[in-house]
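K.L.:
Below are the chains, spelled out letter by letter.
Protein chains: 2
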Amino acid sequence: MAVVSCGLSVLRSAEHPAGGRAHGARQDDTRHGEALAPEGERPMTAPLTTIPARRGRAARVRRGQRIRVVNTHGTQVVDTWAFAAEDTAEWMSMEASRAYFLKLAPAVGDSFVTNRRRPILTLAEDTSGGAHDILMAACDAERYGLLGVTGYHDNCRDNLHAALKELGLAAPATPSPLNLFMNIPWTADGRLSWGEPVSTPGSYAELQAEMDLVIAFSACPQDILPINGRRGITTEAHFAVI
Amino acid sequence: MAVVSCGLSVLRSAEHPAGGRAHGARQDDTRHGEALAPEGERPMTAPLTTIPARRGRAARVRRGQRIRVVNTHGTQVVDTWAFAAEDTAEWMSMEASRAYFLKLAPAVGDSFVTNRRRPILTLAEDTSGGAHDILMAACDAERYGLLGVTGYHDNCRDNLHAALKELGLAAPATPSPLNLFMNIPWTADGRLSWGEPVSTPGSYAELQAEMDLVIAFSACPQDILPINGRRGITTEAHFAVI
Numbered sequence: 000m001a002v003v004s005c006g007l008s009v010l011r012s013a014e015h016p017a018g019g020r021a022h023g024a025r026q027d028d029t030r031h032g033e034a035l036a037p038e039g040e041r042p043m044t045a046p047l048t049t050i051p052a053r054r055g056r057a058a059r060v061r062r063g064q065r066i067r068v069v070n071t072h073g074t075q076v077v078d079t080w081a082f083a084a085e086d087t088a089e090w091m092s093m094e095a096s097r098a099y100f101l102k103l104a105p106a107v108g109d110s111f112v113t114n115r116r117r118p119i120l121t122l123a124e125d126t127s128g129g130a131h132d133i134l135m136a137a138c139d140a141e142r143y144g145l146l147g148v149t150g151y152h153d154n155c156r157d158n159l160h161a162a163l164k165e166l167g168l169a170a171p172a173t174p175s176p177l178n179l180f181m182n183i184p185w186t187a188d189g190r191l192s193w194g195e196p197v198s199t200p201g202s203y204a205e206l207q208a209e210m211d212l213v214i215a216f217s218a219c220p221q222d223i224l225p226i227n228g229r230r231g232i233t234t235e236a237h238f239a240v241i
Numbered sequence: 000m001a002v003v004s005c006g007l008s009v010l011r012s013a014e015h016p017a018g019g020r021a022h023g024a025r026q027d028d029t030r031h032g033e034a035l036a037p038e039g040e041r042p043m044t045a046p047l048t049t050i051p052a053r054r055g056r057a058a059r060v061r062r063g064q065r066i067r068v069v070n071t072h073g074t075q076v077v078d079t080w081a082f083a084a085e086d087t088a089e090w091m092s093m094e095a096s097r098a099y100f101l102k103l104a105p106a107v108g109d110s111f112v113t114n115r116r117r118p119i120l121t122l123a124e125d126t127s128g129g130a131h132d133i134l135m136a137a138c139d140a141e142r143y144g145l146l147g148v149t150g151y152h153d154n155c156r157d158n159l160h161a162a163l164k165e166l167g168l169a170a171p172a173t174p175s176p177l178n179l180f181m182n183i184p185w186t187a188d189g190r191l192s193w194g195e196p197v198s199t200p201g202s203y204a205e206l207q208a209e210m211d212l213v214i215a216f217s218a219c220p221q222d223i224l225p226i227n228g229r230r231g232i233t234t235e236a237h238f239a240v241i
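Protein chains in written order, with numbering that gives the first Met the number 0: chain A, 0 to 241; chain B, 0 to 241.
Careful, some of the hints might be misleading.
If you want the ones that stay clear, here's a sample from chain A, every Cβ over 12 Å from chain B, calculated [what the hints assert, rightly or not]:
1) Ala58
2) Gly63
3) Val107
4) Ala123
5) Met135
6) Arg142
7) Glu195
8) Glu209
9) Arg229
10) Val240
In silico contact screen, one side only, chain B against chain A (beta carbon under 7 Å); selected entries [as the list claims (entries may be wrong)]:
11) Ala95
12) Arg142
13) Ser175
14) Ile232
Just so you know, these hints were derived from the structure itself, not from any lab. These numbers were taken from a predicted model, which means no experiment stands behind them. Beta carbons: idealized from backbone N, C-alpha and C, even for Gly.
Build out the structure end to end from the sequences listed, making use of the hints.
P.N.:
Written out as structure tokens, the structure reads:
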């Protein structure tokens, strides 16, 4: 049994992360997080939604609300997208955000902007160690083909579009994602590599909505590269809109 | 008079680069480059097409052909996009390319891939000094608004879509571009800045087509930040399909 070490009673039902290439089953995925506050962190009481292992979820969020994304088991990358509530052709853009905050990675206080240069999300709090990637594409079926997979493999691109569809929405493209908890180190001469997570169980990133928006997540099903840990175990994660 | 110092007789008609915010006029824009070979560089005889100052151009290219993009006056950033010939929803993707060659910037020999992970262009030759950006969004009207411009400002996003329209094509989004000759230095701790060009007049980058494709360029009209040089002078550039 995987013991969740962050003392979150709400997470007891999540002690059996889906491993390997198993599919995460749809379930009653909203619970109340009565104790989502490891020592030294800000307490919160809000409904928690499961992002099932290897699957996506989306939600509507109002301006001023915060979205806490919890790395429940500590090693799970969560691909994250945001779209303007009224127009899914306006989305959080990593290329516009880099031009806005002039960094290769965000830090607390940095705002992401849309492809129309409007602030959409601000990284308001972060207990994860701060490794979040804004350079790499979401994984997709063709990516797994290049990695030697034959047949279908769960992937973040499909998870995004399925999650939007559950809300009755569609997006005209797959924007470059904010890869929460994904550790992509760079060297001074510009080499990139697939790092292991630095986050810990129960750590989280909190994003403040700067406009009414739709947020979408995918618990990345990457089990070949070490981005979800060298054991290739993919797990669920959780989020709460506060 | 701006003297073009690379000894290209073909470029004599280009000795009056458009400056400031003037619009580049459409003209008879194809000439033959009989001497596009500064000392030590590979000679070429091929029709040259002008990318007018502050404007875009697109062209169809067959697999195996090369596209030489000439920084005619030495300081002009050229935003570059490529789309699969048969489907403009498949495009050259900077986020997928970074995952493919695992670098923050391309070098000779590196191939860019599409959002379906297929190689589309390879950087085959480069005499420009090698500063090409793959991190920053194309400029757009909203970007100039943030920079204090009131009213319309030429921009690369509009130039892309206008150039495609001239070929009877449309793209469903504005992909993150390959910004040829654009110098965006990074620091070891991930800070980015707007550098001045390191390229020289007549220097070029040569891209090999790995599939039948449509290539699109915009001579970037950025005259506020120093990416086209501190004087804010925007000029034409040229390309040839070899």
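K.L.:
If you check each hint against the structure, which ones fail?
P.N.:
5, 6, 14
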